[in-house]
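Engineer: Sequence:
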Amino acid sequence: MEIINLRELNRYNYSVNLINSLKQYWVTNNKFTCINNPKKTNMLMYLDGFDAEYIFKDGKTLTAHSGSVVYIPIGAEYEVYMVNPHHSQSNTIGVNFYTNDLDGQSFIFSNDVVVFDTDDKIYYMLFNKVDRYSEQLVPNYTKMKAGFYDILANLCDYSNLINDNKYSVISRGILYLETETDDALSIPDVAKLCNVSEAYFRRLFKEFSGMSPIEYRLYHKIKRAKKLLEYEHLSVAEISEMLSFVSPAYFIKVFKQQTGMTPLEYKKSKI
1 MEIINLRELN
11 RYNYSVNLIN
21 SLKQYWVTNN
31 KFTCINNPKK
41 TNMLMYLDGF
51 DAEYIFKDGK
61 TLTAHSGSVV
71 YIPIGAEYEV
81 YMVNPHHSQS
91 NTIGVNFYTN
101 DLDGQSFIFS
111 NDVVVFDTDD
121 KIYYMLFNKV
131 DRYSEQLVPN
141 YTKMKAGFYD
151 ILANLCDYSN
161 LINDNKYSVI
171 SRGILYLETE
181 TDDALSIPDV
191 AKLCNVSEAY
201 FRRLFKEFSG
211 MSPIEYRLYH
221 KIKRAKKLLE
231 YEHLSVAEIS
241 EMLSFVSPAY
251 FIKVFKQQTG
261 MTPLEYKKSK
271 I
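In terms of my numbering, the sequence shown has 147 at position 147, counting the first letter as 1, and numbering is strictly consecutive.
The hints are simulated quantities; they were obtained by calculation from the structure and are not laboratory data. Every residue gets a Cβ at the ideal spot worked out from N, C-alpha and C, and that includes glycine. Mixed in with the good hints there might be a few duds.
Unchecked claim - What follows is a set of in silico ranges between Cβ atoms, one per label pair, in the way DEER data are often shown:
#, residue 1, residue 2, range
1, Ala237, Leu62, 38 to 44 Å
2, Ser269, Glu241, 22 to 28 Å
3, His65, Glu230, 41 to 47 Å
4, Ser235, Leu102, 42 to 48 Å
5, Gly104, Val246, 50 to 56 Å
Given only the sequences and the hints, what does the whole structure look like? Please build it.
Structural biologist: Right, here's the structure in full:
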């Protein structure tokens, strides 16, 4: 079967056939095995409050931590143990699917199980969105696919970022500014995180993104705010606080600058 690396996925016109989405809490049994019973579909799995220990038929092992996304290809054989639950509602969401090119030919992303150690809360929202529409009395496959394509697009971007040698030196800083919302680290601190000078970090960052680090941080905060406004029942003040804006008024100002709408106007446009 043809392999298309996730790094290249955005260059292709392809389709996804979703089979199902399944949320599991692993309360009474923390083990799953498909040794001698290879997977018949691809799967993307989100680990929400669990670590996963994979053991493969050849004896190799692989660990995935909570917050990670795991890709499991057709034909994979493994045992997996869900360990270190973080809370009583720890769960996994697995989405079974096929991918096809325009000629209807199936392809996979890898022959091996791949762990995307992103720890980005956007995947929490997107996987739960897919699962929510899957669990409806009549599953809404259109909305399920929309959320799933978002997951693939984000994984493609993530794969390109961590594999681009030129910008790998600042990759930790890029991911921090994309995913963290508490503003705990200033831009000089983020540069230190990458073991480079602030001036070099800013220059390379501008080349990478076309934005300053502050602009990039705000851009991704607003991107996340859009998702929260679309999929969560939160007030503007709650979202502002969650994303560490200094005030709801400043959040509204930045949101309107980037989108041309206030947060409430944006929310109404998505209903």
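Engineer: So which of those numbered hints doesn't the model satisfy?
Structural biologist: 3
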